[in-house]
Amino acid sequence: MDTTQKQLRAFTDTPALQASISFRERLLLVLAGLFLLVIQSGLIAARQFSPIDYWHFAVWVGCAIAGHLVLHKRVPRRDPFMFPIVMLLTGWGLTVIERTAPGFVSRQTIWLAISVGVMIAILYAPHNLRWLSRYRYLWLVVGLILLMLTVLIGRNPTSIYGPRLWLGIFDAYFQPSELLKVLLVAFLASYLADYQSNLSVRIKIPGIGNFYLPSARFLGPVLLMWGISIVVLALQQDLGTATLFFIIFVTMLYVASGQAIYVIEGAALLLIGGVIGYMVFSVVRLRVDIWLNPWADSGGRAFQIVQSLLAFSAGGIFGAGVTQGSPVYIPVVHSDFIFAAIGEEWGLLGTLAITACIAILVIRGLKVATMIHTRPFRSFLAAGLSITIAAQSLMIMGGVLKLIPLTGVTLPFLSYGGSSLLINFIMVGLLLVLSNEA
Amino acid sequence: MKTLHSLNRLTLFMLLAFGAVAISLTYWSAFDAPSMLARSDNPRLVEGEEAIKRGAIYDRNEQVLAQNIPVQQLPSGWMLQQRIYPSLEAVSAVGYYSLVHGVGGAEAAFDKILRGDDLLDADRILQNSILHLPEVGSEVRLTLDLDLQKQIITALGNHRGAVVVLDVPSGAVLAMVSLPSYDPNKLADISDRDKLDAYYNALKADKTAPLLNRVTQGIYQPGGALETVILAAMLTNKNPLNGIVNGAMLPVQVNGMTLTCASNGQIVTLIDAYALACPAVFANAAVQNPEGIQAMIDAFGLTKAPILVSYETVSGKAPIPLNEFSDSVQRSAQGAGQGDLTVTPLQMVLVAATIANHGNAVTPYLGDALRRPDSSDWTPLPRVEKYPAVITPEVAGDIETAMASAIKTGGMFDSSPVKIFGHASIAYTGKTADSWFIGYTRPDQADNTADNRAVAVAVVIEDSQDSSFAAQVGGVALMAGATPIP
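Listed in order, the protein sequences are those of chains V and A.
If you use my numbering, the first sequence corresponds to residues 1 to 438, in order.
If you use my numbering, the second sequence corresponds to residues 1001 to 1486, in order.
Keep in mind the hints are simulated off the structure, nothing from the lab.
Possibly wrong hints are sitting among the right ones.
[To be verified] List of simulated lysine-lysine pairs, DSBU-like, C-alpha gap at most 30 Å:
1. A/Lys-1002 <-> V/Lys-204
2. V/Lys-367 <-> A/Lys-1002
3. A/Lys-1195 <-> A/Lys-1112
4. A/Lys-1431 <-> A/Lys-1207
5. A/Lys-1150 <-> A/Lys-1408
6. A/Lys-1304 <-> A/Lys-1238
Only chain A is shown next, with the shape it has when bound in the complex:
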């Protein structure tokens, strides 16, 4: 019967139609699934990111610098995590974590560890998938000392600039301050996206560059801070500390500026010229011995980006080597630190650290150790333990003597409990000037056999012609940093 026939045909059609649905299901669920899930409009990717239990960041005494707190439940049942930063003072080192604006500072340097990406082997991925677990990251302990950081920030007050404190010879960064800074809590707070974006854009537009880490990436004119390096070159060239230098008090003309040094009478010796930061002596040295000076500038690492383990650092634009200047005026400018050689505070603290380490370079590092999610032990993070020689221990000893004299001449730190070696100076930058102070102290001075350990500092204060203020800040850092490290 025709009805029967059409019913049979219809049944067959139904089977085919449902079969087509089944094939389509298989396609979307199995075959095309990986490329679909990688699409940027897949909200599960963001959910996965929001639910990561990012590891906490601690300072060296295990005070919390950054941590996650669960906020609310996401559609998939995971908890939305909020990153908070209890201590704003640490932001220059710790950086920020923002779902929408990326990561900076230590959050960026140790991102893979904090996210748990280094734990994701095939087993873990399978486990997470079956048990529906979010990624868990490891905790990171920095070498930073939060209390030291706070003291330095208090000392700096409203000034802009950078301070970095290094432990010698290990190279552990004890403090890293860059002002002005910002509030990373506002960048991590996802509850109000518009407010977050507005804050981020304001930070980017701010001419005082709060997002810039001035320690590793701030580029400054060295000015008188270069004198330590040139002194090293002169001493290596067998100029005696007590040697007479002529014309030390003469002013130096650089780019229309007249540089002089503060002195009340005649200066006779090299050590005096250094103590009073008289530019003429050092500018002259650059003119007379360009190869030697340039070699020392290179040896101290001022022309390439220094290594800060896991970090991105910069160097100023590579200047033309001294010996390639035909013009003695330019050489002189370079020697006065007012040429095209620019440095970062990190490079300068390494100068001080090298001198403190008897002429051997150190490699700084900020990441001390990590702790896996299911463990209570800290595993040390990699560091570089090589100390190539830059200058001889004798030269280093001479510079130490010169630095002691500089401190004494400046009348600074007379009542300091520890003996401080350092050099304060000024760098001119067009309309204004920056102040520098580099130096170090030896905490265990009483014990003669163990004077290996030192704490080095570099300070740069922007828009300040008062180099004694820079020295003061440096002194605060050194005195506070000289407490024994557990």
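Just chain V, with the same shape it has in the complex:
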């Protein structure tokens, strides 16, 4: 630690500041809790659910309290906004799942408890995170093996014909690609931190200047690992996650090297990949077609996106009100299109609030990365985790709004999906650990 940071640490170690951090967090949690209580009560009143259904809210409160207490104890200098934001989003998502697909809400509530539990476990692991950086190859290989297992014994819990991306034990399903997301970010953060200065090869062209090209020697193994995951994902037709991995990879390279060339190359490769995908995969062709002109086939292939846009329009600025809209016409509204359901019932105010919440979460994560930029592994990790949350959120929000073609990713924290929720909470847990020294 250099002098500045020592001084900073001395300053923030005061109990008064820690108390103020916890107070802010507590206040935000209470506000979030009240908001969710009102929604839950409205749901129960409007739909004649029985008061027993308050148990979802009770679990949420329990998780909020447990999380807050552990955070206060283990990471007292953390960012006070992150945990309340993710709890708000998760709780809001719970109420929307209860509204649109009541059969799934119990499962999601249990996953919430598990996710907060695992997050707490991470808070008790060593904060130097050496357990992540030291065994990076091990973690990555485990993740890759699990992913490759889905090719052999993968299942789809909701439909026989959908992509078989899950591994299942008894009635619990887990999506290895979600786990691999975190493992890949951790691996990249550690690897890029170690070889930061060797990433590029400088080529001098007389008269024009310096050109930087990626160094094959150092990037080779990384590309190999990453390439395997992309291929497996493509095999499994999980092209949305494949795209996400690609974006995370390129962005982390950019952050580590500072060379914009990676972004340009990455964008070009993405475009070429998209064109090839369009020609080769009928799924890609379908998605691009309905993105460009959904009105032509609004009753058939483009039904989902048109109904999604209709839901936003039906919400208007103030929303139709809880249970007073009709978002259920959108297929799969409880996971991929949950944003549209919120658009219909909470209106523009609700969707802008959620957009702001996610934006604040991501930007504060990047701010953590900025503030600890002298410690490359931790900085890259913070940046990578923020990028992951941001990229995934932007992909699905852009998709349901017809800004970009639809991809099969879910909205973090809000969508239904156990493994997604668990991994997102792990990411936030790591971010909170990293924010503790900022």
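For this one, chain V is given, so just place chain A on it according to the hints.
Showing chain A alone in chain V's frame:
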């Protein structure tokens, strides 16, 4: 440091990206919302339609003819409404309401009121939007008498045709029967779409045309029913009722058919010719006095669609005026009611009503009153209260005498409690014939000063050469309809 630099750039990019999402949200939620919501694939429009609390329809004694019952909850929390029709007998007047196949009859005529569209001012729209309320419609009371309607249908049995009963001089339609008809419950039942479509298509394909309202839109050859109108013309032209008419028994050749009249001996006077429906006299009158006959046909409104308040009615294709026929054979055919002049039962009941009203026309109406959702008072619906003169009261009185004679000659209604005036006749339609009966009764005959009120009827029975059956049905209608109106 380059990391710092790239992180800052990245943060900026994030802000822009989320900003783009925010702009897109604003576009879809605010700017493009109205045109999006008007799209036909917006299921909320159908939901809004399905949830409308359509007003009930009653007969004049507030018996329920049509009403809504809530069935199940829609995704938006409103209740899906099902339209039911407890009395199938009223269908000719009430019509049907179908989410997919539109509306007919009274459901169509008073659609805006029943849906509540007339209550939708800016305040109400805002209230509905904020409180998430479905549209509520007003109730409508018809002038129809359900019990009378049932009796007429029983009297008609398996026959096809139309009966319409009018209160004179108000013009209230007391009964409107068109057979064959259909079951409107099946058209309103949305639980099985395929069954509904199959039923609707079967109705449309049915050659007996059950969906047709024969009273307002059934087009028939008048045949002998035209004789009343021609009699009016002849009386106006100063032909005396007891005047001798020559050649009354002669047969008339029309389109290859030979028309005769039923008589047992010689007929001497005009009133006898009318009573026995002898076509020769009237065919001849058309030949001798085409302008006068044509003027009377026009005056009684047989060449244009009559007004039935809020309804769509038709008239037969406008025939060539009598005076423009150069051929006396055609004129004769027209006078016998077998020419190209066609009429609807509604037009014919107005003939009877005019005579009952001492020669002054009446305007029929079916909608009596409406009741707003939050009120217990009935507000009268508009009606026309003008009674332009068509024939003089003296001529009308003479026709009444002739009609009384026709009834007596036919030996009908001898034991009727009320005195019935009417005329039965036959119209030939190619291979078959239709029977007509038009007439009226005066319920308060005992009281001489108040003989203004009358009940008029027009009956047409398809494929029936037995005009006495038509008369019988008419008699049932008149006797039942003569009960005092509260």
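Do the alpha carbons of A/Lys-1304 and A/Lys-1238 lie within 30 Å of each other, as the hint requires? Answer holds: A/Lys-1304 to A/Lys-1238 is near 27 Å, not above 30 Å.
Given the hint that A/Lys-1431 pairs with A/Lys-1207, does the C-alpha gap stay at or below 30 Å? holds, 17 Å
Would the pair A/Lys-1002 and V/Lys-204 pass a check requiring their Cα atoms to be no farther apart than 30 Å? holds, 20 Å
A/Lys-1195 and A/Lys-1112 were given as a pair; does the straight-line alpha-carbon distance stay at or below 30 Å? Holds, at about 28 Å.
For V/Lys-367 and A/Lys-1002, compute the direct alpha-carbon distance and say whether it is at most 30 Å. At roughly 15 Å apart (the allowed maximum being 30 Å), A/Lys-1002 and V/Lys-367 satisfy the hint.
Has the given pair, A/Lys-1150 with A/Lys-1408, been kept, meaning a C-alpha gap of at most 30 Å? Distance ~27 Å between A/Lys-1150 and A/Lys-1408 Cα, so the pair holds.
The structure shown violates none of the earlier numbered hints.
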